[in-house]
Amino acid sequence: MTSIIVPSPIIQVRNLGKYYGNFDPAMIERTGPEHGTARDHVTASIVAAWGVNFDVAAGEALGIVGESGSGKSTVLRCIAGDVAASTGDVRLTPFADGSVNILDLDPSARRQLRINTLSVVYQDPAEGLALGVTAGGNIADPLTASGWRNFGAIRDRARELLARTEVPLDRMDDIVRNFSGGMRQRVQIARALANKPPILLLDEPTTGLDASVASGVLDLIRQLLEELQVAAIVVSHDFGVIEMLTERCLVMQHGRVVEDALTDQLLEDPHHPYSQKLVAAART
Amino acid sequence: MTLDTASHTSPTTIAQLVGHRTTETFALLDEESKREIRRALLQAVCIPGYQVPFGSREMPVARGWGSGGLQVTLACVGVDDAVKVIDQGDDEGVNAVNLRRLVTMSTGIDETTEVDEATLIQSRHRIPEDDMNENHILILQVPVPEPLRGIERDIRELARMHAEADYSRMWVSLYEDKVRNGVITQSTGYPCLVASRYIVATTPIPRWDIPRLHQSKFLTLFGAGREKRVYAIPPYTDVEPLTFEDVPFEVESADGATCRLCGSSESFLVETPGKQESWSCSDTAWCRRRRNA
Amino acid sequence: MTMTMNKTLPILDVQNVSKSFTLHNIDGRTVTALEAASFVVYPGEHVSLAGSSGAGKSTLLRLIYRTYSITAGSVKFRLANDEWVDIAQLSDAEVIALRGREIGYVSQFLHAQPRRSVIDLVARAGVSRGMSIADAHEQAGHSLARLGISRTLWDVHTSVLSGGEKQRVNIAAGLISPPRLLLLDEPVSALDPENRERAIEVIADLSDQGVAVLAVFHDLDAISRLASRIILMSRGNVVTDGPVDQVLPQLTPGDVQP
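Residue numbers (the working numbering), protein chains in the order written: chain H, 1 to 284; chain G, 1001 to 1293; chain Z, 2001 to 2258.
Read the hints as simulated data drawn from the structure, not as lab findings. Quick caveat, the model's predicted, so the values are computed rather than measured. A couple of the hints might just be wrong.
As the list claims (entries may be wrong) - Examples of chain H residues toward chain Z, derived with CB under 8 Å:
hint, residue
1, I4
2, N101
3, L103
4, R155
5, D156
6, D219
Cβ coordinates follow ideal geometry from the N, Cα and C atoms, glycine included.
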């Protein structure tokens, strides 16, 4: 232990695991990077993620990078509560001071967490927005869920957020279905920030957007992460996104974490063969 | 047809509770049916605003014509009751007359058009203008008991929303309404929060009548026959129409309109069919009494 | 800002540091970028790393900053409270904490933050090292002015700057409220003579502020004006380590070629 002061973690994840199908303890050893698959040939179960550990401090963005099927989105969804984890211990300091494993909470309590503590920005804006509702209405949703009852105040806050995410205010009362993909994503971000959550999860936030649009959204996210000092987890297969947004990063393959490093170190000095392959491919 | 009403007072002995079957039932329904409905009603009263499922029977009125309200009335009625039935405030509407006849003919009890003579008041689409008190039970006929129906169709999701008091989507729809229309436009069936817990549909009453529910002295029971639900607002219960704190809840109004019969401008007025700008009191009994006074 | 520290103790103590890369995706071969390096740096020193390309100079800077993991050896750093820590052994979180405040790195390239304004970028660096926002903005203005970045460019997004302008902004950001140890990797390579001059002056001031500087310059003139000491490297090893007047005459043009 040195006397270097390190910020205390806001998110603590230990032994997070998710499998699909029947459980057989030996299937853990039969799957993973050494076997080149997450699927157990004996039980046909899939070990989508296993043995994942990490901490995230306030003001820090942790990246999770990997190809599809790596388990990175599974990890995010388990923390978000969209998927029920099979095992693990996840504690969030802003909730009960980190004394409760949020994976043990019932669905109703998990939903409460999503109102004030933890927000998610999905790759597909349709997953995080009600397309038939206006931009302002989508922001009104988390606000009213946390008890806002003043129409004027709700409008003001919605305007503030839309302005911050660079959505033209004259579109505030348009339904989101009429927005382009990049604009939808900005509205999703505005909505995610409505209740000033201390924790933000981003799942491929710019994947699927046109390159020019994506870079604007990415830069917005970078600014917001800096301004708001949230604890963030950014899942992406794109090293450009990871490089811009994060200082630390996990690499996942076939459901396991194969490398855990400073982002710049991962990009310049990757250790695990799979990391080297990914980085090399990104550089070309 | 006479009924042996002596055997149909409230049971006081086990033998009476067990009951003897007669070929003629008091109030159309057999005792077990009435008991089941009363159990549901008791639950409803204990959990204000909560929609309690009940075994809705086939009634001599078709679904959609007040079968739910009717079953509630029949479950509640005893020999000492007097019943008033109104439809759109009018005792003489065809449906009101039919329903009232069904009740009185199967029970032999008194009927009345005057609120202060009644103990049970069944209504579609109005609360009578006269003040009611602890001696009254107001029974409302409800077509759609689910206030969130416009927002969600899945019954499990609806059950979850009520169970978790997760009404954010209702608030969003009010927000959208206000944004789109400048005001919240719901006319009948305005959603209200009961006892700060459940949101209810106040179908069939107009906005005008909603403030009467708040901290009322009388018990209000809602019966939905087709949907097989009952719910209740007990006396002295908070009933707050859902609105934003800076968007006042407004009742219907027509500037300067008065009743062409009695001259009132303080009662709920309806337009005379066929004649525009000609209004009269919805509550006919109240209007008549005012004229005769 | 005053820097209270022990000037007789070194701030950096590198012992037998080596770096190899294992290239799993080629044939698993190992490439050694640095065989062994040992040296110390004192506060207020400007130590120049010289040597031909491939000598290991940039590698060394990156090892100290932990952009490269350290294969063997120790990189000891003295904290402000005089405690020594081995950068090779620190956790990622500890490295991040050190990088923010104690150890800085100025590379040739401005890190991609396209829509950030020039003054904001420099001010933020100051804020991250403990300045108030107001002070940081003021100081940022001074630094930019000293480096010849005119006021008209201050509110412009960095992406529209020329290469030389970006580099000067980079320097301003690296040097504002300077950390105790500064690693410079060819910071003036893209500058025209006039701006190079300004940059060198600004870098020269660092020693007076007690900052320890370890720098790579491909510029004999810059080295002669800035360095108090020169470490000459060749093929991953330290060949010479001595005061500037001693080592400078020994340098050949090949030793500073980019």
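Just pull the numbers of the violated hints for me, sorted ascending. 2, 3, 4 and 5
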